[in-house]
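Trainee: Chain residues, written in single-letter form:
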Amino acid sequence: SAVISQKPSRDICQRGTSLTIQCQVDSQVTMMFWYRQQPGQSLTLIATANQGSEATYESGFVIDKFPISRPNLTFSTLTVSNMSPEDSSIYLCSVPNPFSGANVLTFGAGSRLTVL
Amino acid sequence: QKEVEQNSGPLSVPEGAIASLNCTYSDRGSQSFFWYRQYSGKSPELIMSIYSNGDKEDGRFTAQLNKASQYVSLLIRDSQPSDSATYLCAVNTPTGGFKTIFGAGTRLFVKA
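Respectively, the protein sequence lines represent chains A and B. Residue numbering for the first sequence follows the working numbering, beginning at 1 and increasing consecutively. Residue numbering for the second sequence follows the working numbering, beginning at 1001 and increasing consecutively.
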């Protein structure tokens, strides 16, 4: 299965600042998914990042707050803009893992953000 | 209505017992169903996938799917303390372009 490198692994940020999370995959993938996991909660899909086109955002998430780049088939970034304490979460990058079955996902280690 | 519903638990079972985890989903068009395990501070990892009605067994784990009832379950036989984790039910739904939706997760504690 694909190996995903995500960074930063954790960061402490000040209110009002922005932070960009990077996701690098060791193989080419068509789709990459960004999830958020708030403390004690399950995973919520933020957006699907497709190479060569605009990301598709889920209800409740907008491009101005969570801009995504997908410059090639192995890399994507998610920016959390103008952060507030409510953005304190783990952000996870994931990609399909066809070797394990249809629509199976492999996850990166996650980026734990704390906003003060 | 939540798209994927699970009992959040915690579910506590003694070592060696069977743990039973349940999940319901709302989108009848869903085709793929998964159980992921998430240890504290770690990312989710796939335990089982199931795509057709019936049972699927893999070692101590059995997934059950009933599409008519929109119900998925996971049985863990001979539960071990190392099975203590949060189990996430996930459903891949065609609505909005085949995305995977996760339930809230069930915390399982296996007591030695």
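Note that these hints are calculated values from the structure, not bench results. A portion of the hints provided could be inaccurate.
[Claimed, not checked] DSS-like, lysine-lysine: derived pairs with alpha carbons at most 30 Å apart: (1) B/1042 <-> B/1111; (2) B/1042 <-> B/1056; (3) B/1099 <-> B/1067; (4) B/1042 <-> A/65; (5) A/7 <-> B/1067; (6) B/1056 <-> B/1067; (7) B/1099 <-> B/1042; (8) B/1056 <-> B/1099; (9) B/1056 <-> B/1111; (10) A/65 <-> A/7; (11) B/1099 <-> A/65; (12) B/1056 <-> A/7.
Trainee: Failing hints, ascending?
Mentor: Hints 5, 12 not satisfied by this model.
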